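Student: Given the sequences, and given the hints that come with them, work out the whole structure.
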Amino acid sequence: MKLLSNSRIWAIAVIMFSGLVYVAGCTRDNDMLVPIKLTQPFAPNRGNAILLPGNMTAGNATEWKLDKAHSSVLWSGAYIGAAGLLTGRFNQFGMHNVVDAEMINYVTTGQPLKDSSWSFYESDPSKTHINGYVQINTSNTGEPGRDGGCNISSLGTTVIVTGTQNLTVTNLAKIRSTKVELDPASNGYIVTLELTWKGLLAQPLTKTLIGKLNYVPKSTPTGATYDVFGLQLTFQFNKADFGITSTNIGDKISIECNMNFNNK
Amino acid sequence: MLESFFSYIEWIELETFFSGYLLVYAIIHLVASKPPLTSFAKTRLLPKLPLAYALAGTLYLGLQLKDAYPDYTIGHMAASVQLPFLKIWALLSILFWIPLFNKKPVFSLLHSSVFFFLLLKSLYLNLFTSAADNDMVRNSMKIYSVSIILNLVALLLVTLISLLPAFSKKTST
Numbered sequence: 001m002k003l004l005s006n007s008r009i010w011a012i013a014v015i016m017f018s019g020l021v022y023v024a025g026c027t028r029d030n031d032m033l034v035p036i037k038l039t040q041p042f043a044p045n046r047g048n049a050i051l052l053p054g055n056m057t058a059g060n061a062t063e064w065k066l067d068k069a070h071s072s073v074l075w076s077g078a079y080i081g082a083a084g085l086l087t088g089r090f091n092q093f094g095m096h097n098v099v100d101a102e103m104i105n106y107v108t109t110g111q112p113l114k115d116s117s118w119s120f121y122e123s124d125p126s127k128t129h130i131n132g133y134v135q136i137n138t139s140n141t142g143e144p145g146r147d148g149g150c151n152i153s154s155l156g157t158t159v160i161v162t163g164t165q166n167l168t169v170t171n172l173a174k175i176r177s178t179k180v181e182l183d184p185a186s187n188g189y190i191v192t193l194e195l196t197w198k199g200l201l202a203q204p205l206t207k208t209l210i211g212k213l214n215y216v217p218k219s220t221p222t223g224a225t226y227d228v229f230g231l232q233l234t235f236q237f238n239k240a241d242f243g244i245t246s247t248n249i250g251d252k253i254s255i256e257c258n259m260n261f262n263n264k
Numbered sequence: 001m002l003e004s005f006f007s008y009i010e011w012i013e014l015e016t017f018f019s020g021y022l023l024v025y026a027i028i029h030l031v032a033s034k035p036p037l038t039s040f041a042k043t044r045l046l047p048k049l050p051l052a053y054a055l056a057g058t059l060y061l062g063l064q065l066k067d068a069y070p071d072y073t074i075g076h077m078a079a080s081v082q083l084p085f086l087k088i089w090a091l092l093s094i095l096f097w098i099p100l101f102n103k104k105p106v107f108s109l110l111h112s113s114v115f116f117f118l119l120l121k122s123l124y125l126n127l128f129t130s131a132a133d134n135d136m137v138r139n140s141m142k143i144y145s146v147s148i149i150l151n152l153v154a155l156l157l158v159t160l161i162s163l164l165p166a167f168s169k170k171t172s173t
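Residue numbers (the numbering used here), protein chains in the order written: chain A, 1 to 264; chain B, 1 to 173.
Be aware that a few hints might be false.
Selected chain B positions facing chain A (Cβ under 8 Å, derived; list incomplete) [as the list claims (entries may be wrong)]:
| no. | residue |
| --- | --- |
| 1 | I12 |
| 2 | L22 |
| 3 | A26 |
| 4 | L30 |
| 5 | L123 |
| 6 | L125 |
| 7 | L127 |
| 8 | T129 |
Residues of chain A clear of chain B, computed beta-carbon distances all greater than 12 Å [to be verified]:
| no. | residue |
| --- | --- |
| 9 | I12 |
| 10 | S18 |
| 11 | K68 |
| 12 | V169 |
If you are wondering where the hints come from, they were derived from the structure by calculation, not from laboratory data.
Just so we're clear, the structure is a prediction, and the values are computed from it rather than from any experiment.
Just so it is clear, CB atoms sit at the ideal spot from N, CA and C, and this is done for glycine as well.
Tutor: Written as structure tokens, this is what we have:
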């Protein structure tokens, strides 16, 4: 108490402190707001796998074969263009570059053409290429009445003939990659591809599209003596471009190709 | 840290009325110890400091009554109080009107130091911690400046009023 009453030190301290705080308050700038980096730049993690079909010789572990039984080509689009998805799959498809001369009917229950029109280079996508096709009339929505009925006329094709693989121009939609690049945001690839389909047009139309390709790395299934790997390609197209005017489904159709390969 | 906007408002009111007193006290104390103003400061200003402080407290009470208008029920007034202990402490400053308490100016100094240190704490938090905000510092300094002016004016008023009887006596003779 006496100290407070007599000493001048505290008084000088109070005055000096007040002055200092005024100076600090008047000259100090707010801290710079440094944005917090929430996500690190993507660091790709790709190997050097080179996967080729070769001659698809059975028993040759260096030649990869399409495992059609465990692969699929799925499609989806908004029901009536506004509701939930209407989905389906193509029962018959392959990975062959179907040239004009090959666009015929094949009397077989197996693959009509060799699924060898592809190559995959994990770290050098400029060498990667993909070809594929579907038979339009094998679209399967799980409703036989629709699949073998209105779908056939809506898509401008003909009904399935048992034991025949129909690769004629009216029943064939095919894709061909023209460029494959590394995706900077993932371990996948950006694919420029051409979709060729006649649809309801007078002549087949080729549209250039962009798709995304993912590689499911090679591995050995538990207890197996062979290896497997997968390629997943997704892309979208506008059905109206091909003259399909059905209002049962929206114009934007998404395609997902899940191709599994083995070296049995 | 203050938890709500309303407590911050109450804190501003308290700091406005009481935080500047310490500096005013310090200045008068220094002046009183240095000639040539020593005798005037010692005899006229220093003893009036607690009264000036009591005047600030009375003005604060007036503001609280104005805020509570027109419902002066205890329930209403208690419900609107965010910082009850600080408010009660602030209102205790009115006791310095009583000669028993204003006899020793250092009591008023101790009383007001609570508000000064709260201001210091706020300034420290806003200047040096991760929650640093210069706008808050400037606001606190404005409040502090207003408080210094208010306490200086209060001291001036109390001193003038105390001088009035002597002045009127002089003029009448």
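Student: A separate judgement is required for each hint: does it hold in the structure or not?
Tutor: Taking the hints in turn, this is what the structure says about them:
1. Interface restraint check: B:I12 against chain A, minimum CB-CB distance 16 Å, threshold 8 Å, status violated.
2. Against a cut-off of 8 Å between C-beta atoms, the interface hint on B:L22 holds, since the closest Cβ of chain A lies about 6 Å away.
3. Annotation: B:A26 was flagged as interfacial toward chain A, and the flag holds, the nearest CB pair being 4 Å apart, inside 8 Å.
4. Taken as an interface hint, B:L30 checks out: its beta carbon lies about 5 Å from the nearest beta carbon of chain A, inside 8 Å.
5. Hint status for B:L123: holds, given a least beta-carbon distance of 6 Å to chain A, under 8 Å.
6. Interface restraint check for B:L125: the shortest CB-CB distance to chain A comes to about 13 Å, outside 8 Å, so the restraint is violated.
7. Below 8 Å, beta-carbon pairs count as interface contacts, and B:L127 has one with chain A at about 6 Å; its hint therefore holds.
8. Given the 8 Å rule on beta carbons, the hint for B:T129 is violated: about 11 Å separates it from the nearest Cβ of chain A.
9. For A:I12, the shortest C-beta to C-beta distance to chain B comes to about 7 Å, within the 12 Å cut-off, and the non-interface label is violated.
10. A:S18, annotated as away from the interface, has a beta carbon of chain B within 12 Å; the closest lies near 5 Å.
11. Every Cβ of chain B is farther than 12 Å from the Cβ of A:K68; the closest lies at roughly 61 Å, confirming the non-interface assignment.
12. Even its closest Cβ contact with chain B, about 70 Å, leaves A:V169 beyond 12 Å, as expected for a residue assigned away from the interface.
Going down the numbered hints, you'll see the structure goes against 1, 6, 8, 9, 10, while the others check out.
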